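Asker: Each chain, letter by letter, is given below.
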Amino acid sequence: MQRIGVFICWCGSNIAATVDVKKVAAAALNEPGVVFSADYQYMCSASGQGLVKDAIREKGLTGVVVCSCSPRMHEATFRKAAESCGLNPYMVEIANIREHCSWIHKDVAEGTEKAVILMRAAVAKVNLNQSLVAGKSDVVKRALVIGGGIAGIQTALDIAEAGYEVDIVEKKPTIGGKMAQLDKTFPTLDCSACILTPKMVDAAAHDKIKIYSYSEVESVSGFVGNFTAKIRKKARFVKEDLCTGCGLCTEKCPSRKTPNEFNEGMNTRSAIYIPFAQAVPKYAVIDPAACLHFKTGKCGLCERTCDAKAVDYNQKDETIERKYGAIVVATGYNVIKLDNFGEYGYTENPDVITSLELERIMNAAGPTGGALLRPSDKTHPQKIVFVQCVGSRGQRPCDKPYCSKICCMYTAKHAMLIREKYPDTEVYVFYIDVRTPGKNFEEFYRRAVEQYGVHYVKGQVGKVAENAGKLRVYGSDLLMNEQIVIDADLVVLAAAIEPDESAKKIATMLTTGIDTNNFLTEAHPKLRPVESATAGIFLSGVCQGPKDIPETVSQASAAAVKVIGLLAKDQITCNPCVARSDELLCNGCSSCEKVCPYGAITYIDKEVNDHGKREVRRIASVNEAVCQGCGACTVACPSGAMDLKGFTNKQIMAEVDAICR
Amino acid sequence: MKYSYYPGCTLKTKAKELDVYARKCAEKLGVELTEVDDWQCCGGVYTTSRDEIVTKLSSVRALNNAKERGQSLVTVCSACHNVIKRVNYDMANDAFVNAGANNYLQLATPYNGETKVIHFLELLRDEIGFENVKKAVVNPVKRRISAYYGCLLLRPGNVMAMDDPENPRIMEDFISAIGGTPVVSPYRNECCGAYLAVTDPAVPARHCGYITDSFKAKGAETVITACPLCMYNLKRNSGDLPVVYFSEILAEALGVK
Numbered sequence: 159m160q161r162i163g164v165f166i167c168w169c170g171s172n173i174a175a176t177v178d179v180k181k182v183a184a185a186a187l188n189e190p191g192v193v194f195s196a197d198y199q200y201m202c203s204a205s206g207q208g209l210v211k212d213a214i215r216e217k218g219l220t221g222v223v224v225c226s227c228s229p230r231m232h233e234a235t236f237r238k239a240a241e242s243c244g245l246n247p248y249m250v251e252i253a254n255i256r257e258h259c260s261w262i263h264k265d266v267a268e269g270t271e272k273a274v275i276l277m278r279a280a281v282a283k284v285n286l287n288q289s290l291v292a293g294k295s296d297v298v299k300r301a302l303v304i305g306g307g308i309a310g311i312q313t314a315l316d317i318a319e320a321g322y323e324v325d326i327v328e329k330k331p332t333i334g335g336k337m338a339q340l341d342k343t344f345p346t347l348d349c350s351a352c353i354l355t356p357k358m359v360d361a362a363a364h365d366k367i368k369i370y371s372y373s374e375v376e377s378v379s380g381f382v383g384n385f386t387a388k389i390r391k392k393a394r395f396v397k398e399d400l401c402t403g404c405g406l407c408t409e410k411c412p413s414r415k416t417p418n419e420f421n422e423g424m425n426t427r428s429a430i431y432i433p434f435a436q437a438v439p440k441y442a443v444i445d446p447a448a449c450l451h452f453k454t455g456k457c458g459l460c461e462r463t464c465d466a467k468a469v470d471y472n473q474k475d476e477t478i479e480r481k482y483g484a485i486v487v488a489t490g491y492n493v494i495k496l497d498n499f500g501e502y503g504y505t506e507n508p509d510v511i512t513s514l515e516l517e518r519i520m521n522a523a524g525p526t527g528g529a530l531l532r533p534s535d536k537t538h539p540q541k542i543v544f545v546q547c548v549g550s551r552g553q554r555p556c557d558k559p560y561c562s563k564i565c566c567m568y569t570a571k572h573a574m575l576i577r578e579k580y581p582d583t584e585v586y587v588f589y590i591d592v593r594t595p596g597k598n599f600e601e602f603y604r605r606a607v608e609q610y611g612v613h614y615v616k617g618q619v620g621k622v623a624e625n626a627g628k629l630r631v632y633g634s635d636l637l638m639n640e641q642i643v644i645d646a647d648l649v650v651l652a653a654a655i656e657p658d659e660s661a662k663k664i665a666t667m668l669t670t671g672i673d674t675n676n677f678l679t680e681a682h683p684k685l686r687p688v689e690s691a692t693a694g695i696f697l698s699g700v701c702q703g704p705k706d707i708p709e710t711v712s713q714a715s716a717a718a719v720k721v722i723g724l725l726a727k728d729q730i731t732c733n734p735c736v737a738r739s740d741e742l743l744c745n746g747c748s749s750c751e752k753v754c755p756y757g758a759i760t761y762i763d764k765e766v767n768d769h770g771k772r773e774v775r776r777i778a779s780v781n782e783a784v785c786q787g788c789g790a791c792t793v794a795c796p797s798g799a800m801d802l803k804g805f806t807n808k809q810i811m812a813e814v815d816a817i818c819r
Numbered sequence: 014m015k016y017s018y019y020p021g022c023t024l025k026t027k028a029k030e031l032d033v034y035a036r037k038c039a040e041k042l043g044v045e046l047t048e049v050d051d052w053q054c055c056g057g058v059y060t061t062s063r064d065e066i067v068t069k070l071s072s073v074r075a076l077n078n079a080k081e082r083g084q085s086l087v088t089v090c091s092a093c094h095n096v097i098k099r100v101n102y103d104m105a106n107d108a109f110v111n112a113g114a115n116n117y118l119q120l121a122t123p124y125n126g127e128t129k130v131i132h133f134l135e136l137l138r139d140e141i142g143f144e145n146v147k148k149a150v151v152n153p154v155k156r157r158i159s160a161y162y163g164c165l166l167l168r169p170g171n172v173m174a175m176d177d178p179e180n181p182r183i184m185e186d187f188i189s190a191i192g193g194t195p196v197v198s199p200y201r202n203e204c205c206g207a208y209l210a211v212t213d214p215a216v217p218a219r220h221c222g223y224i225t226d227s228f229k230a231k232g233a234e235t236v237i238t239a240c241p242l243c244m245y246n247l248k249r250n251s252g253d254l255p256v257v258y259f260s261e262i263l264a265e266a267l268g269v270k
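The listed protein sequences correspond, in order, to chains A and B. Per this note's numbering, the first sequence starts with residue 159, numbered consecutively. Per this note's numbering, the second sequence starts with residue 14, numbered consecutively.
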């Protein structure tokens with residue numbers, strides 16, 4: 159018989175306001191095996207843990223039930239406390255009476271009744287708990303960073319600086335991401351390329367960093383410390399070891415009509431191309447959808463032009479398998495599509511553009527060579543209207559409910575730069591609120607208003623109508639309480655940002671959480687903002703939520719620290735709650751092997767002693783280092799041979815019985 | 014194909030063409046429209062006051078009549094369509110309006126928004142199909158035509174659920190189906206000024222001015238609409254640009270005018 163102690167936490171008023179903790183403590187004493195119960199204001203505090211430790215020592219407890227918050231929060235805390243005074247940590251169970259009870263109920267009588275039931279189930283389980291010993295597994299001292307924007311680059315550089323190997327996998331032909339497309343950065347107005355490209359070069363030159371550009375992660379298996387990733391290197395049709403990046407082929411290529419992705423489709427590129435002058439790695443790539451050789455079998459001009467003999471039309475996709483100890487997701491964002499925002503006429507009018515398109519127009523390497531010319535007739539716009547919150551903070555199905563966070567600041571930047579360079583231009587900004595929390599951000603915005611005379615109008619735009627070569631903008635000025643009409647030459651939409659479309663697929667592949675907006679979910683919104691809920695998977699940059707460059711870089715470095723902390727260990731403790739096969743019950747049917755998502759089960763021929771009868775049988779064998787304890791095999795096993803340590807069928811039935819009692 | 018049909022009062026007086034040609038076209042396209050029994054005026058405007066139940070009752074009676082026949086309810090006037098569809102939405106989604114109307118009417122079985130309300134344009138698009146309309150055309154309307162939606166036909170978008178209220182295409186597709194060339198203006202879904210024609214005619218004059226100016230600038234030869242009030246305002250302010258009901262131009266294309 160166990161000697162069990164039950165500890166009920168108030169969690170301040172989080173639990174105690176809805177659950178009568180004294181009643182739960184009293185009820186616990188009626189449960190089989192319970193020899194002690196206590197309640198305390200904050201059980202997770204040092205003195206609360208002390209209460210648990212003292213009881214273990216003084217009452218000689220063999221099992222502990224803590225009725226508190228979710229086990230995701232403090233299971234480890236209490237297990238550690240128990241271990242410190244000699245109790246096996248797996249003899250501690252948590253009854254979640256906060257998230258599963260007090261937070262979702264209002265009535266104290268009902269809340270208390272449910273808390274008692276949850277306590278009872280946990281006690282019933284602990285009565286059947288057995289001491290478990292965790293094994294160790296080796297850590298592969300290499301990290302994988304998915305995404306090569308500023309977030310991925312910074313994370314990789316920091317990990318590499320600590321002396322560990324890092325691979326960056328970037329789906330585009332070059333690293334650099336969105337930041338490479340930006341002209342200037344707020345609030346200091348330094349040139350984006352000038353601060354980014356040295357980092358891109360550093361990443362490429364670092365002996366610990368390997369860049370897989372134009373590549374995608376196809377699948378990931380394994381677990382923390384020991385992941386295996388399959389990376390598909392897409393065929394560039396250019397040999398990376400021979401291409402010198404001279405760009406001669408791109409000049410000779412006769413197919414020149416493909417919209418240039420780097421310039422947001424505002425000019426065209428050749429079929430064989432280098433995304434931009436500072437691309438890293440600087441190798442040409444052939445777009446087979448545009449290439450005449452692939453479409454007609456003729457041409458071959460680039461192959462003949464290339465002195466280095468780098469063009470290879472027969473190149474195939476290549477799959478590489480690499481092992482990693484940790485994975486960082488840095489997949490970034492995209493600007494939303496504006497097809498469903500008919501009121502702004504983005505799809506109909508070339509002079510209605512997104513802010514990212516304006517970045518390219520203002521950039522010296524952009525489609526206009528940095529001159530502010532509107533797309534339709536290449537004239538200088540005299541009157542420009544900026545519209546903020548396009549698709550952000552909205553209620554309609556096409557809207558995003560969240561604030562995209564970066565738009566207020568980059569719009570102020572655009573307005574200021576335009577007024578600086580072209581003082582004869584009138585600039586209007588329609589806003590719902592101007593949000594400028596950040597160091598030197600409010601001062602920056604005030605400068606746009608006061609020093610540069612940008613007209614800020616509080617209100618939204620209801621319609622943009624093309625009218626005799628101008629764009630008639632209908633808006634409301636909420637402070638003046640009047641409708642205003644502006645005949646603009648250019649309208650710039652601060653379109654919402656959303657996670658890259660690959661985020662969902664990657665989250666599924668890594669079995670990590672994603673929210674309703676497809677942002678990856680952090681393990682804790684305040685205290686673990688760069689870790690995912692899955693061990694060994696970390697988050698960097700906008701894939702986790704909208705953020706600007708300084709914030710992205712901070713998070714990227716934070717993620718790197720977490721990775722370094724993991725890679726610095728030679729071995730990590732495994733989860734001992736893994737599957738176990740009873741060799742006498744196993745009939746060798748392979749059902750478990752088929753359902754195991756981790757490939758942890760193999761079949762072996764083994765001599766067993768079945769009640770004195772010795773024979774060699776084919777039985778299931780679990781690789782404890784690979785098993786993640788998901789329990790799929792225990793459900794699939796027809797003979798009941800498979801069981802999960804720490805969550806045995808007997809324990810679960812005992813919990814169910816206790817709940818139904 | 015059998016449907017209940019709600020013409021509305023303006024279609025019996027000022028806007029006879031809208032009604033007459035809609036019926037002729039329906040017959041030509043093999044659709045049987047049966048008028049709702051003893052229908053009354055929809056009220057003309059959907060009242061947004063929370064406790065205004067009385068003005069919604071005539072719509073509920075018409076909707077219930079169609080429900081008893083087991084038919085969908087077809088409308089053709091934008092204003093009637095807007096009122097009836099929104100009342101129907103309330104009966105299905107607003108417990109207060111539902112209880113008030115049902116308490117008053119004391120129907121054999123309470124009405125809870127069961128009837129499907131479809132505008133004649135939706136009948137053409139979703140029930141008959143524009144491709145079948147196209148096949149029935151004997152006299153293609155080879156003109157440059159602008160569709161004028163006005164505001165009532167599409168808004169509020171989530172209730173009317175006919176098309177994207179900011180960038181619609183149902184009438185443009187209709188124009189293509191009858192052999193015309195759609196001419197798109199950004200003003201096609203702006204308000205004509207509506208009932209301000211009574212109190213301050215300068216407002217509809219101004220609105221219709223820039224609406225029709227835009228149509229003309231884009232090269233439209235004809236404007237079509239589904240709303241008698243839009244028709245009234247546009248006609249007075251469009252100068253020499255002809256404005257006709259969509260049903261009339263359909264009748265022309267189908268050879269039943």
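Since the hints were made in silico from the structure, they are not lab data. Just so you know, these numbers come straight off a predicted model, no measurement behind them. Where is the CB? At the ideal position from N, CA and C, for every residue including glycine. Do not take every clue at face value.
[As the list claims (entries may be wrong)] Straight-line alpha carbon distances no greater than 27 Å define the calculated BS3-like cross-link-like pairs of lysine-lysine that follow:
1. A:LYS563 / A:LYS597
2. B:LYS231 / A:LYS628
3. A:LYS662 / A:LYS388
4. A:LYS392 / A:LYS368
5. A:LYS684 / A:LYS597
6. A:LYS727 / A:LYS662
7. A:LYS621 / B:LYS37
8. B:LYS37 / B:LYS270
9. A:LYS294 / A:LYS597
10. A:LYS294 / A:LYS558
11. A:LYS621 / B:LYS248
12. A:LYS415 / A:LYS391
13. A:LYS628 / A:LYS616
14. A:LYS536 / B:LYS231
15. A:LYS357 / A:LYS558
16. A:LYS621 / B:LYS229
17. A:LYS495 / A:LYS662
18. A:LYS481 / A:LYS558
19. B:LYS15 / A:LYS628
20. B:LYS41 / A:LYS541
21. B:LYS15 / B:LYS155
22. A:LYS536 / A:LYS663
23. B:LYS148 / B:LYS248
24. A:LYS541 / B:LYS129
[Stated by the list, open to error] Okay, the calculated beta carbon distance ranges per label pair:
25. A:PRO559 / B:TYR208: 48 to 54 Å
26. B:CYS22 / A:PRO555: 44 to 50 Å
27. A:THR537 / B:THR212: 38 to 44 Å
28. B:SER189 / A:PRO555: 22 to 28 Å
29. B:LYS15 / A:VAL814: 53 to 59 Å
30. B:THR212 / A:GLY552: 41 to 47 Å
31. A:LEU637 / B:LEU118: 56 to 62 Å
32. A:THR537 / B:LYS27: 44 to 50 Å
33. B:SER189 / A:GLU479: 37 to 43 Å
Asker: If any of the earlier hints don't hold here, list their numbers in rising order.
Answerer: Those not satisfied are hints 6, 7, 9, 10, 15, 18, 19, 20, 21, 22, 23, 24, 25, 26, 30, 31 and 33.
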